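J.: Sequence order for the protein chains is A and Z.
Residue numbers for the first sequence, in this note's numbering: 1 to 424.
Residue numbers for the second sequence, in this note's numbering: 1 to 424.
FYI, nobody ran anything at the bench for these hints, they're computed from the structure.
Only a predicted model underlies this, so the values are computations on that prediction, with no experimental measurement involved.
Among the hints, erroneous ones may be present.
The list makes no distinction among identical chains, and a pair is therefore deemed to hold if it is satisfied within one copy or across any two copies.
[Stated by the list, open to error] Calculated cross-link-like contacts (lysine to any residue; reagent style SDA-like; alpha-carbon spacing at most 20 Å):
no.	residue 1	residue 2
1	Lys380	Trp224
2	Lys142	Ala245
3	Lys142	Gly293
4	Lys233	Val206
5	Lys270	Tyr411
6	Lys324	Met110
7	Lys364	Ser256
8	Lys380	Gln163
9	Lys324	Ile210
10	Lys233	Glu128
11	Lys2	Asp141
12	Lys157	Gly388
13	Lys2	Arg46
14	Lys380	Glu83
15	Lys157	Ala212
16	Lys2	Ser361
17	Lys207	Thr72
18	Lys207	Glu11
19	Lys31	Ala213
20	Lys207	Arg108
21	Lys253	Thr209
22	Lys157	Glu391
23	Lys207	Leu48
24	Lys364	Gly293
25	Lys88	Gly241
There are 2 protein chains.
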Amino acid sequence: MKAEIIAVGSELLTPDRMDTNSLFLTEELNKLGIEVVRKTIVGDHRELLAEAFRDALNRVPLIIASGGLGPTEDDLTRETLAELLGRKLILNDAILRYIEGRFRQLGREMPSVNVRQAMVPEGAEVLENPRGSAPGLWLEDKGRLIALLPGPPRELKPMYEEQVLPRLERRRSGVRMFHRELRVAGMGESAVEQRIRPIYTRYSDVKTTILAAPGEIQIHLRIWTEDIAYAQKTLDEIVQGFELALTDRIFSKDGSSMEEVIARLLTMNKATISAAESCTGGLLAQRLTSIAGSSSYFLGSVVCYSNELKSAWVNVPAELIQSKGAVSSEVAVALAEGIRRSVGSTLGVGITGIAGPGGGSDEKPVGTVHVALAHAGGVKERGVRFPGDREAIRWHASQLALDMVRLHFLYNGGDSPPRGVKRA
Amino acid sequence: MKAEIIAVGSELLTPDRMDTNSLFLTEELNKLGIEVVRKTIVGDHRELLAEAFRDALNRVPLIIASGGLGPTEDDLTRETLAELLGRKLILNDAILRYIEGRFRQLGREMPSVNVRQAMVPEGAEVLENPRGSAPGLWLEDKGRLIALLPGPPRELKPMYEEQVLPRLERRRSGVRMFHRELRVAGMGESAVEQRIRPIYTRYSDVKTTILAAPGEIQIHLRIWTEDIAYAQKTLDEIVQGFELALTDRIFSKDGSSMEEVIARLLTMNKATISAAESCTGGLLAQRLTSIAGSSSYFLGSVVCYSNELKSAWVNVPAELIQSKGAVSSEVAVALAEGIRRSVGSTLGVGITGIAGPGGGSDEKPVGTVHVALAHAGGVKERGVRFPGDREAIRWHASQLALDMVRLHFLYNGGDSPPRGVKRA
Chain A
1 MKAEIIAVGS ELLTPDRMDT NSLFLTEELN KLGIEVVRKT IVGDHRELLA EAFRDALNRV
61 PLIIASGGLG PTEDDLTRET LAELLGRKLI LNDAILRYIE GRFRQLGREM PSVNVRQAMV
121 PEGAEVLENP RGSAPGLWLE DKGRLIALLP GPPRELKPMY EEQVLPRLER RRSGVRMFHR
181 ELRVAGMGES AVEQRIRPIY TRYSDVKTTI LAAPGEIQIH LRIWTEDIAY AQKTLDEIVQ
241 GFELALTDRI FSKDGSSMEE VIARLLTMNK ATISAAESCT GGLLAQRLTS IAGSSSYFLG
301 SVVCYSNELK SAWVNVPAEL IQSKGAVSSE VAVALAEGIR RSVGSTLGVG ITGIAGPGGG
361 SDEKPVGTVH VALAHAGGVK ERGVRFPGDR EAIRWHASQL ALDMVRLHFL YNGGDSPPRG
421 VKRA
Chain Z
1 MKAEIIAVGS ELLTPDRMDT NSLFLTEELN KLGIEVVRKT IVGDHRELLA EAFRDALNRV
61 PLIIASGGLG PTEDDLTRET LAELLGRKLI LNDAILRYIE GRFRQLGREM PSVNVRQAMV
121 PEGAEVLENP RGSAPGLWLE DKGRLIALLP GPPRELKPMY EEQVLPRLER RRSGVRMFHR
181 ELRVAGMGES AVEQRIRPIY TRYSDVKTTI LAAPGEIQIH LRIWTEDIAY AQKTLDEIVQ
241 GFELALTDRI FSKDGSSMEE VIARLLTMNK ATISAAESCT GGLLAQRLTS IAGSSSYFLG
301 SVVCYSNELK SAWVNVPAEL IQSKGAVSSE VAVALAEGIR RSVGSTLGVG ITGIAGPGGG
361 SDEKPVGTVH VALAHAGGVK ERGVRFPGDR EAIRWHASQL ALDMVRLHFL YNGGDSPPRG
421 VKRA
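Next up, chain A with everything else stripped away, as it sits in the complex (with noise of 0.2 Å):
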């Protein structure tokens, strides 16, 4: 089944405000296999809802709205609704006196506009709120299915869950949608793109997206079936296909995080690390401990911006940082084997690089990054120039470093990785 969503609401037309309800309901929807095919933000204007009303009924079966259910006169969503499909409204004293009653309990006379909210289209069904005044509504019209529920996400969401879904289930069809996220790092969009593509176009019935992150491609698989065996099948074989297109530039099988990846390789290894950052100015720090639990696996890291700070915290003899510069792979191998000795860690990182937007060179241009990982069996050193600001030229030093660490472990702490895949 495809479904659409209406937002409604001019507030949700300014720069400050946006619709968020659209997200809980689309993972809500396609849990039962129903896929949001477009999605609609109308103010408060009866003739522009009137028309995403009419062109989204004679487009699919199922509408969800949000919004406009109120009790003033910008609340135009249930009388838009019911003119449309040619439908008296009719006073339904049972939600009347429920919305008097909760005026009531909040000590103070229901105000004469919240009659409106008493409504409902002839052959509705009533959606209770036990959260807000303005009911929702449940409408069936030659075959297709309309929800209206409030916009405050605290009243829709509840309301949805309890009395939409089991509405909605009740018609579902076999039919479920199975979904695969592989990450990539290393690589560009168009890249990826041309080594799976001869892959993901034999398979007509998945839908394959292929996303830029900053520092990664994350690539959506999803496939509506009722046939689950065939569905995990046809997954496993593309996934398949992508391991061997990609190699070891997949990071991530199931949707997890880089510092997720790094999280659980440190853990099942019982390693722990340590880091001696310069440009990335303590965002793989940050990184490493936005994951509940990392003080098990991270110690304490050091950002050494000055050049004393590199010699006094990690013993980066000056004389290297002298004759070198302090963007320089001698001096990336320096910061991670002094940081790896100071803190007494299993793995040690040192990042040294140019962020910009000043401090290049003709020889080292903005976005020159040293990358240093030092282990028990020695120290892997890369040179990488990034494109981009400085947010993102710190992101993907930071991309790199992390990614440094999986391809330790993947290769057994001191492998190099074969060298058939061009990296960054």
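Use these hints to put chain Z onto chain A, whose structure you have.
T.: The following block gives chain Z in isolation, referenced to the frame of chain A:
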């Protein structure tokens, strides 16, 4: 003038992503007196995309669309619109050379799929994209204006500002929007609302929006008028009223972020700063160094998660940690004084706390945070209990630390702020 925004991308119809570009675009269009009457989010699907454009073209004279300009098979915006308007797609050599050049710079060959990005509908103007490979397009058709922009915000925003805005400005009417943004720390949304409501309700032509963001409240004032002098005078008056109501809780009157405010204060006062973080895990350092040029005031910091490193790196006495606990006012002070001494900076910040979800107790529940600021004249310390999850608590703690730095400068590096306004 009325406009519609169309956000293109199947990923925007999943529970994982939402269109945020439209907030930026709405703000910008409003400034020109252009009202956004509808937003449509539609997937990478030829027919649905065509329908969305066709309907919008029938309703409004301006359409801004984002997304779907990438190199992959999914990216259909260019082709769909060309077909809809009956225009041929023509290979643009200049764009092709530019895209090839970008790949060359990164040391890679252009994948053949990227050729699609150089296809331009007949009569369209190309909007250059120095930050990505997808160029934008500007089309005029029977008096209607259409801008196609790339989806990534960091590509879309400058392209709008540099290339779409000037084209729209040429056509605009006399009414403009004037905007002020104030930011407040250490108070909740309803407390702010209660204090400023008596002021802003006196100005019926000014739209006031109060938004809760992590660790701060943002107040937006907007007025639409042709009369610049009147707009400035009115907004000045309201801001002055807010200053009386909120006193030193306002940290920004020009929409600057807390990081930017602190950067300016440190630079103006020729002061340097260092930090010893525990629960924030590098977040404070990361925020301080997110500003370009931060190396002039930020020297270095340590993240000492383990108690041993608190002692080894910043000389927090092991007995103090033993007797008072790692999360205590005394340890926060010792961290601040220790790092200040070690680095030799003007200011030293110490942060210790329980970010959760584990590690809380009855006496020190999750959310307990102590922040200390050491300076030449002594040390200030504050103990707070923050609500929310791990991420929120860490953010609040870093925000409090930055706000203490701000207040330190505001009150000439010694005096306590007046206590009229309740904190956090």
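J.: All the hints need checking, so say for each whether the structure fits it.
T.: Hint check results:
1. Taking the closest pair of Cα atoms, Lys380 and Trp224 never come within 20 Å of each other, the shortest separation being 44 Å inside a single copy and 59 Å across copies.
2. With identical chains, the CA atoms of Lys142 and Ala245 are never at most 20 Å apart, being 49 Å at best within one copy and 47 Å at best between copies.
3. In the homo-oligomer, the alpha carbons of Lys142 and Gly293 never lie at most 20 Å apart, since the shortest distance is 49 Å inside one protomer and 61 Å across protomers.
4. For a Cα distance limit of 20 Å, the shortest separation of Lys233 from Val206 inside one copy, 12 Å, qualifies, whereas the shortest one across copies, 59 Å, does not.
5. In this assembly of identical chains, the alpha carbons of Lys270 and Tyr411 lie at most 20 Å apart only when taken from the same copy (16 Å versus 49 Å across copies).
6. In the homo-oligomer, the alpha carbons of Lys324 and Met110 never lie at most 20 Å apart, since the shortest distance is 61 Å inside one protomer and 34 Å across protomers.
7. In this homomeric assembly, Lys364 and Ser256 never come within 20 Å of each other (Cα to Cα): the closest approach is 34 Å inside a single copy and 31 Å across copies.
8. For the homomeric pair Lys380 and Gln163, neither the shortest alpha-carbon distance inside one copy (49 Å) nor that between copies (45 Å) is at most 20 Å.
9. Taking the shortest alpha-carbon separations for Lys324 and Ile210, neither the intra-copy value of 41 Å nor the inter-copy value of 52 Å comes in at or below 20 Å.
10. Within a single copy, Lys233 and Glu128 get their C-alpha atoms no closer than 39 Å, and across copies no closer than 44 Å, so neither meets the 20 Å cut-off.
11. For a Cα distance limit of 20 Å, the shortest separation of Lys2 from Asp141 inside one copy, 16 Å, qualifies, whereas the shortest one across copies, 33 Å, does not.
12. For a Cα distance limit of 20 Å, the shortest separation of Lys157 from Gly388 across copies, 14 Å, qualifies, whereas the shortest one inside one copy, 32 Å, does not.
13. Taking the shortest alpha-carbon separations for Lys2 and Arg46, only the inter-copy value of 16 Å comes in at or below 20 Å, while the best intra-copy value is 25 Å.
14. Within a single copy, Lys380 and Glu83 get their C-alpha atoms no closer than 66 Å, and across copies no closer than 53 Å, so neither meets the 20 Å cut-off.
15. Taking the shortest alpha-carbon separations for Lys157 and Ala212, only the inter-copy value of 17 Å comes in at or below 20 Å, while the best intra-copy value is 23 Å.
16. In the homo-oligomer, the alpha carbons of Lys2 and Ser361 never lie at most 20 Å apart, since the shortest distance is 55 Å inside one protomer and 48 Å across protomers.
17. Taking CA atoms no more than 20 Å apart as the test, Lys207 paired with Thr72 passes between copies only; the shortest distance there is 14 Å, against 42 Å inside one copy.
18. For the identical chains of this complex, Lys207 and Glu11 are inter-copy neighbours only, at 11 Å across copies versus 33 Å inside a copy, given an alpha-carbon limit of 20 Å.
19. For a Cα distance limit of 20 Å, the shortest separation of Lys31 from Ala213 qualifies neither inside one copy, at 23 Å, nor across copies, at 30 Å.
20. Within a single copy, Lys207 and Arg108 get their C-alpha atoms no closer than 51 Å, and across copies no closer than 29 Å, so neither meets the 20 Å cut-off.
21. Taking the shortest Cα distances, Lys253 and Thr209 sit within 20 Å of each other inside one copy (15 Å), while across copies they are farther apart (42 Å).
22. In the homo-oligomer, the alpha carbons of Lys157 and Glu391 lie at most 20 Å apart only across protomers (15 Å), although the nearest pairing inside one protomer, at 28 Å, exceeds that limit.
23. Taking CA atoms no more than 20 Å apart as the test, Lys207 paired with Leu48 passes between copies only; the shortest distance there is 16 Å, against 32 Å inside one copy.
24. Only between protomers do Lys364 and Gly293 lie at most 20 Å apart by alpha-carbon distance; the minimum there is 17 Å, versus 38 Å within a single protomer.
25. When the C-alpha separation of Lys88 and Gly241 is checked against a cutoff of 20 Å, the pair qualifies neither within a copy, at 57 Å, nor between copies, at 37 Å.
Figure legend: structure checked against the earlier numbered hints; hints not met, in rising order: 1, 2, 3, 6, 7, 8, 9, 10, 14, 16, 19, 20, 25.
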